[in-house]
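One-letter residues, chain by chain:
Number of protein chains: 2
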Amino acid sequence: MRLSVKDMDVATGGPMIAVLNEKDAVKLDLHLLDRIKIRRGKREAVVVVDYAKSEKAVPRGAIGLFEEVLDKLNARNRDEVSIHFEEKPKSLGYIKKKLDGKELNYDEIRAILNDAICNNLTEVELTYYVAANYTRGMSLKETVALTRAMIDTGEKLDLKRRYVVDKHCIGGVCGNRTTPVVVPILVAAGLTVPKTSSRSITSPAGTADTMEVLTDVSLSMKQIKNVVNKVGGCMVWGGAVDLAPADDTIINVEHPLSIDAEGQLLSSIMAKKGSVSATHVIIDIPVGRDAKIESRKEAMHLGREFRKIAKFLKMKMEVVITDGSQPIGNGMGPALEAIDIIKVLKNSPDAPQDLRKKSLMMAGVIFEMTGKARKGQGRKMAEGIINSGEACHKFMEIINAQGAKITDERKIKLGEYKFNLRSKRNGVVKHISNKAMAKISRLAGSPNDKGAGIYLWKKKFDKVKKGDVLFTIYSESKQNLKFAVEVMGQIDGFVVG
Amino acid sequence: MRLSVKDMDVATGGPMIAVLNEKDAVKLDLHLLDRIKIRRGKREAVVVVDYAKSEKAVPRGAIGLFEEVLDKLNARNRDEVSIHFEEKPKSLGYIKKKLDGKELNYDEIRAILNDAICNNLTEVELTYYVAANYTRGMSLKETVALTRAMIDTGEKLDLKRRYVVDKHCIGGVCGNRTTPVVVPILVAAGLTVPKTSSRSITSPAGTADTMEVLTDVSLSMKQIKNVVNKVGGCMVWGGAVDLAPADDTIINVEHPLSIDAEGQLLSSIMAKKGSVSATHVIIDIPVGRDAKIESRKEAMHLGREFRKIAKFLKMKMEVVITDGSQPIGNGMGPALEAIDIIKVLKNSPDAPQDLRKKSLMMAGVIFEMTGKARKGQGRKMAEGIINSGEACHKFMEIINAQGAKITDERKIKLGEYKFNLRSKRNGVVKHISNKAMAKISRLAGSPNDKGAGIYLWKKKFDKVKKGDVLFTIYSESKQNLKFAVEVMGQIDGFVVG
Chain W
1 MRLSVKDMDV
11 ATGGPMIAVL
21 NEKDAVKLDL
31 HLLDRIKIRR
41 GKREAVVVVD
51 YAKSEKAVPR
61 GAIGLFEEVL
71 DKLNARNRDE
81 VSIHFEEKPK
91 SLGYIKKKLD
101 GKELNYDEIR
111 AILNDAICNN
121 LTEVELTYYV
131 AANYTRGMSL
141 KETVALTRAM
151 IDTGEKLDLK
161 RRYVVDKHCI
171 GGVCGNRTTP
181 VVVPILVAAG
191 LTVPKTSSRS
201 ITSPAGTADT
211 MEVLTDVSLS
221 MKQIKNVVNK
231 VGGCMVWGGA
241 VDLAPADDTI
251 INVEHPLSID
261 AEGQLLSSIM
271 AKKGSVSATH
281 VIIDIPVGRD
291 AKIESRKEAM
301 HLGREFRKIA
311 KFLKMKMEVV
321 ITDGSQPIGN
331 GMGPALEAID
341 IIKVLKNSPD
351 APQDLRKKSL
361 MMAGVIFEMT
371 GKARKGQGRK
381 MAEGIINSGE
391 ACHKFMEIIN
401 AQGAKITDER
411 KIKLGEYKFN
421 LRSKRNGVVK
431 HISNKAMAKI
441 SRLAGSPNDK
451 GAGIYLWKKK
461 FDKVKKGDVL
471 FTIYSESKQN
481 LKFAVEVMGQ
491 IDGFVVG
Chain X
1 MRLSVKDMDV
11 ATGGPMIAVL
21 NEKDAVKLDL
31 HLLDRIKIRR
41 GKREAVVVVD
51 YAKSEKAVPR
61 GAIGLFEEVL
71 DKLNARNRDE
81 VSIHFEEKPK
91 SLGYIKKKLD
101 GKELNYDEIR
111 AILNDAICNN
121 LTEVELTYYV
131 AANYTRGMSL
141 KETVALTRAM
151 IDTGEKLDLK
161 RRYVVDKHCI
171 GGVCGNRTTP
181 VVVPILVAAG
191 LTVPKTSSRS
201 ITSPAGTADT
211 MEVLTDVSLS
221 MKQIKNVVNK
231 VGGCMVWGGA
241 VDLAPADDTI
251 INVEHPLSID
261 AEGQLLSSIM
271 AKKGSVSATH
281 VIIDIPVGRD
291 AKIESRKEAM
301 HLGREFRKIA
311 KFLKMKMEVV
321 ITDGSQPIGN
331 GMGPALEAID
341 IIKVLKNSPD
351 APQDLRKKSL
361 MMAGVIFEMT
371 GKARKGQGRK
381 MAEGIINSGE
391 ACHKFMEIIN
401 AQGAKITDER
411 KIKLGEYKFN
421 LRSKRNGVVK
431 HISNKAMAKI
441 SRLAGSPNDK
451 GAGIYLWKKK
461 FDKVKKGDVL
471 FTIYSESKQN
481 LKFAVEVMGQ
491 IDGFVVG
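Chains W and X are the protein sequences, given in the same order.
If you number the first sequence the way our numbering does, the last residue is 497 and the count never jumps.
If you number the second sequence the way our numbering does, the last residue is 497 and the count never jumps.
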């Protein structure tokens, strides 16, 4: 069958699709989402079939192609192409197997991930895999296989060092920016820490958003390697490199229903650690009302699962269960969090002590895991490194190596529009909701507007007098500030009682 | 946020989508498949977000819209529209509930189907529902609720008669065209039979394909009502009317993995019967090697499930388990099957006796169910109606009312290219595979080329001499015939031993 190309003048940025007129499709016995191979001379592309119902969209005898397919075939409008039937990929059989409740092995899972990242699977097909993992559950063996397959289908940062340290936080606590404090302490003591972080999905800022206030975080794999070899560590955005890319592909179809099979959550995190060849990993699980994990029992269970997978991957792992009942630090939002961090590293008298304490505890655990400090001496060692200014010096070294923009916290710009929330009564702060703070902060513009966010003047258990400022909302736009204040009035996220 | 419209000049024919430049989407914190509301003056449309990665596809500040959305907003290129965040539909919560293994009630299922047919759910979201039904299973209560919801979200043919008869065959047997024989027998006896049939998906022809050789099958609801009121019955294509449209929407996402939860299969069939207000239904379950149902046990189970649902829907139902071990009749493919049918109705001496016998048995069962005949007398009554020529007369009446094209089987055109397969040995026919016959017949061009198909000169248990013609392949194209013969050589679908 020969058809004439119609350039649709659109890039899909994803699946390879061809649009046939519905009448042609019926004649060819092709169903929606069937696969065909398109040939033009020696070039070919396997695509998924979509229908056009009108002659206007795609007339009979034509085949509508998008940018990616046109490029692959080196074709343009009115070129003639031939189409051929194409078998479904083998990985579809494995997805069916999982739907039927059977366990998949490494090779099968790898085939699924491979086809997913090469766009050989449609979103619908990948959704069946995600749904099957969710409803059927995943065995430990499968979770380990998924982790390995995620690592093996992406780029790897192979540093060839005996100790490569990494950390991860389960999230859900605003302002919890320990990475930029912990990493320089560890690196100053001679450990290698190639830290990749994500941007925020639901919180006021992710580590990558915050670090971007101070330096460049979109480094290539080669640049990361150079920075780590030069200064011992980095703090970059994981999204700029192709570490475990299958994870993102899976997350895209998980998003509409916000479902996440536990096995997939574990694999997703562990794969990022495996991709940077981490040997020693600390996982932070904050627990608290309005945090991601709300009970200690749930946290303990998750910790056990992490440790099991780490054992299979031959990583040393410590899990710390921490207080997630309120935000950490005073600032929330990229610029405000960056200020907190530098204050802690510079030992400023007004540095947030909760952020400092938590960071020292975590650095201490890692010093003991890696044998840098004797049991019980880790925290003290970390304290020495921060007090001496070595940590701050190392931090500046790292951000300079990445391409520093700002090294002085006084030069960080905050949003020019502000609103102070004042207490209506005397009392004590009973609760500060992470979810409410995140919502207000994001409405004010964070993390996209770096200067937007919230500064907390009072924390939980602080005494408050009527008229005291509880927190300040910063925004770069009058409109956003107004909107944030409006919504703030509807949610009771800061309780004085 | 205000954006400028870019007319993408494409109709999606399905989901309402808007394409934003990826950078705009990130800034707006919009993920793939998130929903937004687009407003232009007083008009609005809820759409799902897609990304464009290049400025060429959709530049920043623009919003790419497809035909359906442009029409809804009455918008054109460069018009300004505003976008607003939109909550996810409630039905997503019900899909999540089913994924978590909980039973859904009628209102919840109806909400899902409603959103599915109004394109308020994306394919990915609907896939989660289908996957959940498949992996979690469906209770009888849920299956009945799904059936009712399918009926209630579509058009209904309300004939207001005491007896409305319908039939359905589970399928998988080539040439099994009993409908065009059974329907006129029943109607001639005074029963009302508003029969809608499907086109073929995997077989050489569906009833709608076959009837289309003789008459028009794409009738509107109003036309169907007129025909039934005038002559007592019809034989039309169900796809031309909106009976239980949710079923097709579900089938679209089932197709890539060929999965079908039993509850969905049952609902899908029963909903079509309910939509035409059937009161008496016969279900034909052919059993045999290479048929859709391969064991008697499986057929019995399915029969029980059908009867349970029928009881809830207050329909009388009989299930017949029939021989599906080889094709029925001699012809396979629309034209060849049409010839078989007319020969049976005309009592021709060369009419295929297996098709005649099976049709009489089924008509007999219905006569007994509806009280038209006493127990044990149904078949005889049917035989009388066919032998007297009344059935043939009624058949001609029905096809004339639908807009007959051909009433004389000698005027039916067969494909001009033929190939005779001859036996290589003396012996007895041991097996004729339905799957193999369907494959060869479809490769020869059926059901799209009406004249393509296979004529069986020998059936199972027939004696065969070396050199005897076993079957003839008909095709309308030399190329297709060649291809069919080639593949025939690779599959052993006709066994003489």
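Derived from the structure by calculation, the hints contain no laboratory data.
Just to be clear, a hint being listed does not mean it is correct.
The list treats identical chains as one, so a pair stands whether inside a single copy or across any two.
Unchecked claim - DSS-like mimics (lysine-lysine), calculated; alpha carbons at most 30 Å apart, straight line:
1) Lys308 <-> Lys96
2) Lys405 <-> Lys357
3) Lys37 <-> Lys56
4) Lys372 <-> Lys314
5) Lys411 <-> Lys316
6) Lys466 <-> Lys411
7) Lys439 <-> Lys53
8) Lys90 <-> Lys292
Okay, the hints, checked on the actual structure:
1. Lys308 <-> Lys96: Answer is both; intra-copy 28 Å and inter-copy 29 Å each pass.
2. Lys405 <-> Lys357: Result: close within a single copy only, 27 Å intra versus 88 Å inter.
3. Lys37 <-> Lys56: both (24 Å within a copy, 26 Å between copies)
4. Lys372 <-> Lys314: For lysine 372 and lysine 314, only the intra-copy Cα distance (20 Å) is at most 30 Å; the inter-copy one is 77 Å.
5. Lys411 <-> Lys316: neither (40 Å within a copy, 81 Å between copies)
6. Lys466 <-> Lys411: neither (33 Å within a copy, 97 Å between copies)
7. Lys439 <-> Lys53: Intra 42 Å, inter 28 Å, cutoff 30 Å: inter-copy only.
8. Lys90 <-> Lys292: Intra 37 Å, inter 23 Å, cutoff 30 Å: inter-copy only.
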